[in-house]
Each structure stands twice: as structure tokens, then as C-alpha cells.
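Enquirer: Spelled out, the chains give:
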Amino acid sequence: MAPSYQQFCDTLNRRQFLKRASIGLGVTAFGGSLSPLVASAKPGLHFPARAKRVIFLFMAGAPSQLDLFDHKPELERLHGQPLPPEISRGQRVTSMTRGKKQVVCASIFKFAPQGKSGLVMSELLPHLSKHADDICLIKSTHTEAINHDPAKTFFCTGSEMPGRASMGSWLSYGLGSLNKDLPNFVVLSSAFWSGKVNVQALYSRLWGTGFLPGKHQGIAFQSVGDPVLFLSNPDGVDRNLRSKMLDFVAKVNAEDAELSGDPEVHTSIAQQEMAFRMQASIPELTDLSSESESSLALYGPEVNQSGSFARNCLLARRMAERDVRFVQLFHRGWDHHRGLPTHLRGQAKDVDQPISGLLTDLKKRGLLDDTLVVFAGEFGRTTYAQNLDPRNREEYGRDHHPRCFTTWMAGGGIKGGMSYGETDEFCYNVAKDPVHVRDLHATMFHQLGIDHNKLIFPHQGLDQRLTGVEEAHVVKDIIA
Amino acid sequence: MVKPISLAVFLLPASLSLAEQEPINFNRDIFPILSDKCFHCHGPDDTDREEDLRLDIPDGPLGTLTPRDDYHIIKPGEPEESELWFRVTSEFDDEIMPPKSSHKAPLTEEEVELITQWIEDGGTYEAFWAFVPPKREEPGKVRNREWNRSPIDRIVYSELLKRDLSPKEEADKRTLVRRLSLDLTGLPPLVEEIDAFLADKRPSAYETLVDKLMSRPAYGEHMARYWADLVRLADTNGMHKDFHREFSPYRDWLIDSFNENLPFDDFIAYQLAGDLFEEPSRDQLIASGYNRMHMIIDRGTALPEESLHKNVIDRVEAFGTTFLGLTVQCAQCHDHKYDPLTQKDYYQLYAFFNNFAGAPETVRAPERGLQPPYINLSSPKQEQLLATFDAQKLDAEIRRDATLRLQSASEKWPENWDLVEVPFIETSRAIASKTVEFETSLSLEGEPGTAVARFIAGEPVELWVNGNLIGQTFDRKQGAAAELSAILQTGSNTIRAVAKRPTEFGLVLDYTIGDQELRLTTGPDWNTRTGTENSWTTAEAASETHWDSKWTKSAESVEVLAILHEIKRIQKERSAYLRTVPGAMHMAERSPPRQATMLVGGAYDAPGEAVERNTPAFLPPMEPKEEMYTRLDLAEWLVSPEHPLTARVAVNRIWQQFFGVGLVKTAEDFGAQGEWPSHPELLDTLAVSFMESGWDVKELVKVIVMSKTYRQSSDANPEEYKQDPENRLLARGSRFRLDAEVIRDQILAVSGLLNRELYGKSVKPPQPPGLWEMVSMTSENKTYIADTGDDIYRRSLYTYWRRGMPPPQMTLMNAPSREFCVARRERTNTSLQALLLMNESEYFNAAKVMAQDLLNRSGSERETLSLAYEMTTSMEPDRNRLKLMENTLVDFRDYYEANPDLVKSLGADFDQAPEVDRPELAAWTMMTHSLLNLELVKNRR
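So the protein sequences, as listed, match chains A and B.
Under this note's numbering, the first residue of the first sequence is numbered 1, with each subsequent residue one higher.
Under this note's numbering, the first residue of the second sequence is numbered 1001, with each subsequent residue one higher.
So that you can see chain A by itself, here it is in the shape it has in the complex (with noise of 0.2 Å):
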């Protein structure tokens, strides 16, 4: 999208100023140069790339795949039943349900096939149903932390352990930012949602750098104040002061470098002009009134309220436009420990236009071939009842379970309409095909043309990566 007349002057003159002075703009990419590893990439950085950008929909608190996506009609029979110990075997479980009987619980809702593909999803996603064709389920994903806090971390950082990087700062790292006026890694979190019981946090660390350098940090945009933190002006300056206020401060700290020899002062500088440049771009960006009715229709009634899911899938479309490389949602209140079906209902609503919406969009703007959506929670949930009410079949909870979960790509090279990976009929154990977290973390990265043995960083006397020292495999068959 082109910049507005006011911007391209305001710009202009920022940089007419700077030839002025005779400061070479040095870095100027977002936080810094790309990084060494693809001074001379071609897009990919180790094979051709499918995909250029991420958005990752994250669905903090594990929403139940037995209730969304992965249907096991043998249960209906089963329901009420304990749970075959050698089906359990006597697996670690939480301490919520340690020690207690494990009752079989089937799912109230209905499944049907949807699109040409025959895809089975719940009736609680209507919308996301017509996108059946376009989406990739993996029934077989898995992970190791039973417990949100690791989980979490698990997921967005590839360790349990604080201090890792996290996937959209490898993504930086690695690849590198495709605009100069905008972050590479941008977090949007929902200010609400509809499951009001146990909302589980979240940390800062699930977008930090870890041991990579800063600037590949997530930036969260936030719903109430200023979308980046201290993009504002305060009250009383203007651009106009801003800009001469930058004028003063870029002579002297010119004059400053000539004297001290120190070369950070011109970066410096260029990362003021940088923020002067995102005073206007993120305004642009997060301004919706140049959207039509029909685009923000497809959002669903949410897209007009700040902080919704809604309104995050909507300006993710819009910086996946403006290629920003890694955009996270977050979307919380899906544990449901109790009282399922009501909570799940609701949160399936949080999210179900907003998702189809997305998905339509980037596919009639023609992103979503180079856009790889992935929507995952950091575990899944139990197969047998928690707080089950034996005369109230709205009344039963499930428990945490990192056995086998379901996840889904669409877009960005990955194969549409297409279930991979089987749960055994209890949906307790994977029976076929399993994905752990780590493969989709490779696989992510291999549609971003990145070897995820490659692509590494050097701490702690050890080459890092995202998928750690344990081996990862690319899920090839879920490729276009």
C-alpha cells in the first residue's frame, strides 16, 4: 500500500535533512541489518522458500480436539466408562486428576464432513467448516509438559526452560525483515474472550529473543493505549517538533561521531529516523477506515471492537500485506476443566469467523499462497471426564493431555482439505503418524525455505536451535 502524501513528504524531508548532514542512513532495516546468515540469500535461506510469512493463531489454555476436531463416534458407546488401562497405562497425569477414576466422556457436539474433501469438524465451527478444503488437520500432533506454563513455553520457544528463543525471533534471525517500516514479529493478544474460567497467563517470554540478539524480539502491539509502546507523541508535540527536535539532536550527534569515532552513533540516529518513520506507519496500519464494509464483514460483529480476536485477524491481514514476517495471536480462556460444552461454545464463536474471515481474505488478495497459518493449542485435552455430571450432559471438564492434540496448517505450500496423523479410538495415544511439536516447528520452517539443522546461533557453547538437540523431521506428506 502506498504511503500517504503527508507521510511520503514527512519522510522526504527527514531524509533530505540527513544528506544535508551528510549521514549515511546505515541500518535501516527494523532493529538492524539482516542477519549475516543471508547477506546473500535469495528468498529461503537454505532451499526455495513456499511461504514468506507466518501468522501463528494461538489458542493459550488448549482448546479440546475431541470436541473440535477429532471425532471418535465409538465413544458415545463408551461414554461413562472407565478408561482401559491399557489404553492409559498408567501415563503421568496432572495432579487435579491423579488418583481419581478416569471416565470415559464423549463429545455432545456433532461432527460432519465438510467441503470436497469430506473433512470432519464440529458444528461448532461452522465458518471454519467451509474452509475444510484449504486447512491441513494434524490429529497427531504431541508435546512433552503436561502443564500450561511449560507447555506454553515449550511451544512458542522449543524449550520448557525459560530463556530460549522464541519462533518468531528465529524467523527474524533467519530471514531476515522484509520491510523497513514496520517490526519483523508482531504479538497481538485478545483483550477478552468468552471461556471465563481459568485464564491462564501468559509470559513476555513467549516472544522474548532469549539468547538472540534483541532486536529480533517480539513486538506486542497492545489493544488499549498506544498499539507500540511510547509510539505516541506526548501531549504538546507534534511532528512538526518532533521532526526538529530530531533535526537538533541528528546535528549534534553527528558532530558528536565525528569527534568520538564511535560508529553506533549513526546507528543510532538511523534508528530515530526509524521511529519517527513508524510514527506514521503503524498509525497507517492499525487505522481501519480504509477497510470496505464487505472485508470487515468477514470478521464477523467483533471486528469493530479493539483488543478482539476479530480485530487481531483482521490486522494480521494487514501486516501480512505489509509483510511483517511472524505475527502470533493469542487467544486465551480455553481450559475448561468444568463446564465445557458452555465455554467451548463460546470461545469457538471468539474465533470461528475471525479465522474464516482471515483465511478468505488472504486467499482473495492472494496471500494465503504465501502465508502459513497455523493454528495450535500447547497441549490437548482428556479423553475422560473431569467434574462430570452423570444427569447433565452440558456438565463435564477435561483435563490437560500432551499425548495427542489436534493442530492445522492452510496456506504457505501445505496440502488443503487433508487429515494427517490418527489417534487411537479413545483419542488417548497417537496411532499413527505422530507429529511432535518440534516436527511442526521444522516443518513451519522448512515452508519458510529454512533447514532447521541449519539454522542456528551459537550460546552457551552450544549451537542452539529451535527444535534443541533432539531429533526433528519435516512432516513431508502434508506438503503440497
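There could be a bad hint or two in this list.
Below, a sample of chain A positions facing chain B; criterion: calculated Cβ distance under 10 Å [unchecked claim]:
(1) Leu75
(2) Leu78
(3) Leu83
(4) Ile87
(5) Arg92
(6) Val93
(7) Gly208
(8) Gln217
(9) Phe230
(10) Ser260
(11) Gln272
(12) Leu296
(13) Asp352
(14) Pro458
(15) Val469
Which chain A residues stay away from chain B? Per the calculated CB distances, all over 10 Å, these [as the list claims (entries may be wrong)]:
(16) Arg89
(17) Asp133
(18) Pro162
(19) Ser295
(20) Ala297
(21) Glu321
(22) Asp323
(23) Leu388
(24) Ile479
List of simulated lysine-lysine pairs, DSBU-like, C-alpha gap at most 35 Å [as the list claims (entries may be wrong)]:
(25) A/Lys415 to B/Lys1104
(26) A/Lys251 to B/Lys1568
(27) A/Lys244 to B/Lys1344
(28) A/Lys251 to A/Lys363
(29) B/Lys1135 to A/Lys180
(30) B/Lys1168 to A/Lys432
(31) A/Lys196 to B/Lys1572
(32) B/Lys1764 to A/Lys196
(33) B/Lys1344 to B/Lys1135
(34) B/Lys1168 to A/Lys415
(35) A/Lys196 to A/Lys100
(36) A/Lys454 to B/Lys1100
(37) A/Lys196 to B/Lys1761
(38) A/Lys432 to B/Lys1104
Calculated from the structure, these hints are not laboratory results.
Even glycine gets a Cβ: it sits at the ideal position worked out from N, Cα and C.
Could you slot chain B onto chain A? The hints should help.
Expert: Same frame as chain A, but now just chain B:
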């Protein structure tokens, strides 16, 4: 034996390498190549080892110098007969080492030449430098009198000479006073302090300034901040719901230890094992809180045994990073890939830390942020008050017991009452928050004998008989019993119950007349009225009561209830008071000790062979001992004179504070994968002197800042910066961006807002809205509520640090999250930092305050501009700079005069100023704001 080619030591450009050729140094030149390229498969860890070969050792069946059946790994003097040489130079994919599958780059030409030369020279190994105790070698004299005084200068100077470089002149006095002030106290010099230093023409002026700055409390605050990063000091748990966790007493202890110059060996011992001293002092206990600073989860869904394990891992990692400068955590699942640290070594260290007496998880929202064990840090006066509470409580408890004893001796108070089903009554006309009364009359024809009433209500209730208050309950649904023998009378009796809020009520009254045993209970024949009514109406049978009648078996006497109520009140008052008393968590050992075991693959639920506490075998052994080693033994071991790491690691971090980079750049890793020191002799000399001085931190700091090396000017030409960007050779003074905290403190200090109060609870300066909401899950910490008043101007060391969402003013400037130990901060330069300094509300406010202050002073505009410049940069503006400032000020003023609305929106603070002065004030605000954004202010130079 000379180096075949010029080698880039620590990545310096070739142009800066040695002028003369130097012999190959195994540790510097060869070991890093072998470690990085080979050890993963041919190193200390046997899990992935290929081909029975270890390149880290020369001898033994796996060693490199041991001849194999028909070939040699290394044949001294004959590279071409050596398999090692053959493999690293091979042109064939199936022979080349490191193999392609390792994703390691092949050796560079330079590296191959080094290996070749090394084998030619005999392929001799040397012990790894960092694992050999440091030795002091008296550095040779240099031919420059100025640079001859300090061993630091001699070593630095001779290294420069070797490269045909010379040091810079001493920086000017203004730069020096600024540098010292920022480096030693984290605060810029005041203009008066600059003037005083300029005026002091004595040769001792510099040293006097150093001593003065180091004697200020701000010195301890500043030093404490570096330590805080290292031990991940913060104000919250960091996991799950991320509750408050109180560590301010530990922080205050840190400040005092640095200010009082606690010897570093004690500093270590107090932290690692303060709780194990005989009759530990308060300080020792507070310091042992170091062991509690790991991330911790609150009770809920996690498995306690897994949480316990994670806490221990965190402690071991902190120990490794902080004291050993090693990445010990790598040996959690397998032997270390690069250092000779076995998995068993790891679990022997683990055994020191797995015996914490407290719980592995905290409760929900722990009161005062404290989790047992902890001590209350009460003053004598506070203790006295607490003791008064305790005495009151004890007195009440004695009365309670006496009453119970009396009652149990009485027939009227059976141990178990009989169970009575009582019909409850209520009134449907009740209005919330109004009283409800129930009443009946009891007519007795004979003389009543014993009489006991039992009663209960859904709300606290009083029982009145014949106008006497018999007793009351204090809690909802609490059954009470009262003796009425002396109260009931022949003839008419009125029995009345009064509840403060609408409720159901039940009563059973057992009494005797002669031999007759009689009973009265509540029922529909009772009367009732509410607080709004004057007349009585008939009570209704309660439609539903939410409790059963079992209380009739266990009703407490009203006397006891009253005492219990009193005890409760005392307890409540005591804990309310206690909340104002600080407390400190400390370490404590569990008895009997928990047996440590190896954990297979590092998994908490896969115990292997049992292990005992001990230190890694490749380091000097601990003194032999019959009993189990303790953390105190571990602390003593660390500071034994032959320990190769402790002093080097500590000295290096302090050096890093003053030069931006350590002598060993990888301050967190002194192992095989760490970097070779830029000045190994200097590191050793400082380490040995540090130990010999009795671990005197202030002396070490002083020796560093007194050196000529430290005092050099940081001005250089771009070429010099290019050749040595990080100033590893120390051919100039170091220039680097100040840390987040110093940047903020400086803005507050310059504007006069800084509140220099020491110690106390962490404070919350304003931050942008919505940040905590974005991550929180509970009401306790959902919203960040900023403090008000002077508290928001405390030094940044006191800023509340939530691990899940640390203050953005800090993290944007590379402060760590304090979730894990950080030995050195990164320094980036980003647009978000530019935005922070441009727009942060308090930073901008400081500019306003400063402008107002400046305009209140007398002096010409020129003088005031010059003063503003000096206050912010510590320098005097030259004529050109002053001219530029004047022009800019005019520009700002013109703009504001043309835009009065902008002046208005600049803020209510301006309302006191007369209308005409406001554009002036606005323009000056922009001027001070501009100055605070200068590189000259942001940087230490």
C-alpha cells in the same frame, strides 16, 4: 616454534594482530578449534562418541597420541602421517571432518595451518587454562613511566606495543568525573561536583574523587544491580500465576554488603549457606535467600515432584553460572559435550541443592509474598508489639482451656449432647441488612432445675432470656450452648433471639422441673418481627435450611465461643500488623536429607544410581570429611586458593562493568566453548591479587579505576573503532550505551526528581496501560497500579520486577527478564529504544520539570542554555554548539507561539506559569527533552 600465519585472536582483524610472531599456544590456538569442530563426537561425552576417539586427551586407549593398529591419529612432527590432519584436509565428502551431517563448517585455511604447525611442533597438549589455578607473574617493566605503575597498565601497554599500537591520552577532567560517577554510582555528576573536581588541582584530586564516590550509598546500589541480573533477583514467582515473591530484604542486604565491603568469600558463603552458620545472623539468613530466587510455580496443576526437580535444576544452573562460570546444566541429561563435566558430577552438585526443607510450590497468592521458611525482620519495637499480641492470645487460650475443663467436670455439659432434630423458623418479610427477632414465652409451673439452651442461626445471633443477654454466636452456622439454670424462673419467661441479618433460626431448650425432663424447641408457634416492624407476627417454618441438625451434638458453650472469638480477633489484628513487617525467605536443610540420584536422561521421574554430594572431579577436590558435605563446605571449596575459577570469574565480571566487555568476553562460560581471554596474564594477576587481598571488592574496583588504562580518552578515529569495535585491546577508553537503569536514573537525577531514599519494598513507577492485563490470569495481579508521590522517582534498582512482564522501560534497553541468570547484558540499538526516550511520559515529564527549574534561575539565555547542556552532558558547549542551541530554541519558541493549542496540551503543570511565559516554558521543555535524547547523554564515554 613460531606461528605460521597471523592469527586473529578473539576475532580481531588481521591488521591488529601481532607485529612479531608468537609461538603456538595450545589453549589459545588449537583447543578452541578442536572443541568447536570435534568434541561433539570425539569429546568427553561417551553417548554420541564415534570411533573410540577423544580429541580432548592425548593419552589412554582413546587419546590422540596413542598409536592405533596401523595408523596414528597424531604422529608428532609428521602431519601428513596423522589421521587428524588427513581428515580435516580431505577433499572427499565421506572422509572430511567435521562431516557434512554435523552441519559444522569445515576448518578454515588458517585453522588447518595451525593444526598442521601444531602437529609439526609435536602435537603437545596443555591443561585447559581455566581449570589450572591462576598464577601471578610479575609483569615486566615498560618503557613508559606513566604506564609502569600498575600491573594492569604494564600488561595492557606491552600488549599494545606488540601490535605497534599506543594508548590514548588521559581523558579530560569533565569526561573523567562523568565516567567515574556513572561507573561507580550509576548516577551522573552534579554541576557542583564537576566544578569541585575541576577546581581541585592537587595530584591526588582523582583519587580523592574515587574514594568519595565509593563511599556513597549509591555505590552499593549500583554494584547490587549487576549482581541482581546474575542471581535473577525479581519480585514475582515467574511461573503460572506469577504471584508476588518478596525479596526486597535480600536486595537491601546486597546494597549493604557492597557498601560495607563485605569480603567476597563471605559474600559467597552467606548466600550459598548463610543458614548453615552456627546461630546464623539475620544477614546470613537473608543472604541465603539466594537459594530461593529460582522461578517457582504455585500449587495447582503441576506435579510437586516435578516442581521440586525444576527448582533444583534452577539452583544448580545459578550456582554454575554465578560462581563457576560454567554451563553445568548441559550435563543434566548426558556428560558435558565440551567440558570434562560428567553427568555424575552434575548430580553430585544437584545433591547439595535438593534438600530444601520447604515446599516445592507456593500457595495461591502467598501472604506478604513469603513462603516458609522465612524470618520476620521486625524492629525491637515491632517485636514488642507482636509479643503483646502473643501474650493476649495465650491469656485467652488459658481462659478457654480452663472454661472447657470446668464444663467437662459439670454434668450439665455432657461430652456429647443428644441429637435433636429441630424445626427451624424464619420470616418471609425479612429485608436484607435489617435485623430479625424471634420470640416465644415459656410458662413454668414449678421451680426449674437445670436448664441448657442450644441454638444456631445462619448469621451470628444473640440469645436473650428474661431481658438478660445469655450469649451469642459470632460465626454463621455456629451452634452454641448456654446454661440458663439461674435465669429461668417460675411463671412466665421470655426467650428472644436477635440476628443482625435475615436468617433461619433453631433452638432447643432442655430443662427439668423436679424429676421431669422437659424440652422446648423453635416452631411455628414462635413470634417474629423484622427491624422495620413494631409488632410481632407468627414465624414460619423455614422452607429450607442449608445445614443439618448435627450441631445439636456439638454445640459449644457461649463462654467458650466468646473466648474463641476473642482469639480470632487477636490473630487477625496480629496478622494485619505483621503485614507491615518485612520478612525474608531463607534456605533450610531438611532432615533426614533427601537421597539424590542420577536421573536417566535428566527426567525427574527416572531415578538412576544414588549419588552423594561432591564437586566435579576435574576441579580440585574438597577436604576429605567423614560426614556428608554441606553447602558451607561447597562455599569454602569455592574460595580455596587453588580453585581455578571463582576469583577469575568474579574479577572478570567486575572488569566487564568498567570496560563494557570482560577480559573473557563470555563472562558466563569459562569452559571449552568460552572465549580465550584477551589478556590472560592480566586476568590471572587480578584474580590472585583479589584472593590475596582477602577478597576485597572495593580494593579491586579501585585498582581498576585508578589505572591509566581506565583513564584513557575514548575518542578515536573510525578506523580504530573498525579494527577493534569492542575495545578488546584497550587502546582507548571504552564507550558504550548506559544500562536501562542508569539511563532512567540519570534522567531523574538531572531533572532533580530523583528520590535518593535507600532500601524498602519495591516500587511501581507508571507504565503504559494494559501490560499486566495482557498476561495475567488472577485478580491479585491483574492490573499494574502505579505508586504515587515521591515513590515513583526512586532509583530503578527498586522498581517492581514482574518476571512475566518486566517494566518495558527496562527491557527495551536490554535489561533481562530475571527469569534466569545473566552474566552480561546485550546492548542493542533499536527504534523502540528511540521511541522510549522520545515519548515515555515520565522521561518527558522530567524534561518539563527541568525546564521549569532552569527558567527559575537567574542568568542570560545563553548562560542558562550552557547550564542545561552541562547538567545533561557534563560538558561545556562550544560556541557553535551554543549557537545551534540558541537557534533551535528560537525555532521551538516560534512554533509554540504560532500554535497556542499545543502549549495548552503540554500540560496542566504549566498552569502556574503566567500566560506570556508558557510558550517560553514549552520551548525550553523541548530543549531539555532534546538534550536528554543525545548520544552524549545515553553513552558512557
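Enquirer: Next step is simple, just say for each hint if it's right about the structure.
Expert: Going down the list of hints, with the structure as the test:
no.: 1; hint: Leu75; verdict: 24 Å, violated
no.: 2; hint: Leu78; verdict: 26 Å, violated
no.: 3; hint: Leu83; verdict: 19 Å, violated
no.: 4; hint: Ile87; verdict: 20 Å, violated
no.: 5; hint: Arg92; verdict: 7 Å, holds
no.: 6; hint: Val93; verdict: 9 Å, holds
no.: 7; hint: Gly208; verdict: 7 Å, holds
no.: 8; hint: Gln217; verdict: 8 Å, holds
no.: 9; hint: Phe230; verdict: 4 Å, holds
no.: 10; hint: Ser260; verdict: 5 Å, holds
no.: 11; hint: Gln272; verdict: 4 Å, holds
no.: 12; hint: Leu296; verdict: 24 Å, violated
no.: 13; hint: Asp352; verdict: 23 Å, violated
no.: 14; hint: Pro458; verdict: 8 Å, holds
no.: 15; hint: Val469; verdict: 8 Å, holds
no.: 16; hint: Arg89; verdict: 14 Å, holds
no.: 17; hint: Asp133; verdict: 35 Å, holds
no.: 18; hint: Pro162; verdict: 4 Å, violated
no.: 19; hint: Ser295; verdict: 27 Å, holds
no.: 20; hint: Ala297; verdict: 28 Å, holds
no.: 21; hint: Glu321; verdict: 21 Å, holds
no.: 22; hint: Asp323; verdict: 17 Å, holds
no.: 23; hint: Leu388; verdict: 18 Å, holds
no.: 24; hint: Ile479; verdict: 22 Å, holds
no.: 25; hint: A/Lys415 to B/Lys1104; verdict: 33 Å, holds
no.: 26; hint: A/Lys251 to B/Lys1568; verdict: 70 Å, violated
no.: 27; hint: A/Lys244 to B/Lys1344; verdict: 64 Å, violated
no.: 28; hint: A/Lys251 to A/Lys363; verdict: 47 Å, violated
no.: 29; hint: B/Lys1135 to A/Lys180; verdict: 52 Å, violated
no.: 30; hint: B/Lys1168 to A/Lys432; verdict: 69 Å, violated
no.: 31; hint: A/Lys196 to B/Lys1572; verdict: 33 Å, holds
no.: 32; hint: B/Lys1764 to A/Lys196; verdict: 28 Å, holds
no.: 33; hint: B/Lys1344 to B/Lys1135; verdict: 30 Å, holds
no.: 34; hint: B/Lys1168 to A/Lys415; verdict: 64 Å, violated
no.: 35; hint: A/Lys196 to A/Lys100; verdict: 25 Å, holds
no.: 36; hint: A/Lys454 to B/Lys1100; verdict: 11 Å, holds
no.: 37; hint: A/Lys196 to B/Lys1761; verdict: 33 Å, holds
no.: 38; hint: A/Lys432 to B/Lys1104; verdict: 34 Å, holds
Going down the numbered hints, you'll see the structure goes against 1, 2, 3, 4, 12, 13, 18, 26, 27, 28, 29, 30, 34, while the others check out.
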